[in-house]
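2 protein chains.
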Amino acid sequence: MRARVFVTLRKAVLDPQGQAVGQALRTLGFSELKDARLGKLVELEVADGTSKARIEEMCKKLLANPVIEDFSVELT
Amino acid sequence: MRARVFVTLRKAVLDPQGQAVGQALRTLGFSELKDARLGKLVELEVADGTSKARIEEMCKKLLANPVIEDFSVELT
Numbered sequence: 829m830r831a832r833v834f835v836t837l838r839k840a841v842l843d844p845q846g847q848a849v850g851q852a853l854r855t856l857g858f859s860e861l862k863d864a865r866l867g868k869l870v871e872l873e874v875a876d877g878t879s880k881a882r883i884e885e886m887c888k889k890l891l892a893n894p895v896i897e898d899f900s901v902e903l904t
Numbered sequence: 829m830r831a832r833v834f835v836t837l838r839k840a841v842l843d844p845q846g847q848a849v850g851q852a853l854r855t856l857g858f859s860e861l862k863d864a865r866l867g868k869l870v871e872l873e874v875a876d877g878t879s880k881a882r883i884e885e886m887c888k889k890l891l892a893n894p895v896i897e898d899f900s901v902e903l904t
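Heads up: the sequence lines are chains A and B, in that order. Just so we're on the same page, the working numbering is the position in the first sequence counted from 1, plus 828. Just so we're on the same page, the working numbering is the position in the second sequence counted from 1, plus 828.
Because the hints were derived from the structure by calculation, they are not lab data. Treat the hints with care, as some may be off.
For identical chains, the list gives no copy identity; a pair is met inside one copy or between any two copies.
Using 25 Å as the maximum straight-line C-alpha spacing, the simulated BS3-like pairs for lysine-lysine come out as follows [claimed, not checked]:
| id | residue 1 | residue 2 |
| --- | --- | --- |
| 1 | K880 | K868 |
| 2 | K862 | K888 |
| 3 | K862 | K889 |
All values reported here derive from a predicted model rather than from experimental measurement.
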């Protein structure tokens with residue numbers, strides 16, 4: 829089975845990389861863009877029957893930095 | 829309105845960063861992990877009524893490298 833993990837910077841944390849992307853897109857003519865924020869996507873292939881809690885444990889231990897990042901897990 | 833863009837490496841492209849994450853997780857005891865691949869998540873805040881096609885254009889022009897990456901867009 830597969831799982832997707834989304835790791836995003838917390839709202840209160842500055843995201844200069846996202847700001848650069850946003851500025852670049854507006855320079856390219858995408859004036860409808862208001863804000864851009866960058867995060868990570870981790871696609872995991874795990875043994876069948878792996879629980880969501882187990883994947884959240886992976887996030888807490890390695891994939892996300894809980895001080896500045898939030899994460900969410902989606903099983904597919 | 830908000831949109832999420834998922835940028836992933838194409839299947840045929842080697843992903844050393846994902847392999848490193850996978851190895852690290854297995855070292856931490858997550859033996860149920862079979863494979864890990866890393867991608868990018870771009871969260872966009874755009875003007876109401878922006879079409880999906882317009883966001884796909886952003887991907888083609890800046891957010892993804894179509895030679896080695898696939899992308900998908902999700903409007904929320």
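### Message
Output the indices of the hints that this structure fails to meet, ascending.
### Response
Violated hints: none; all satisfied.
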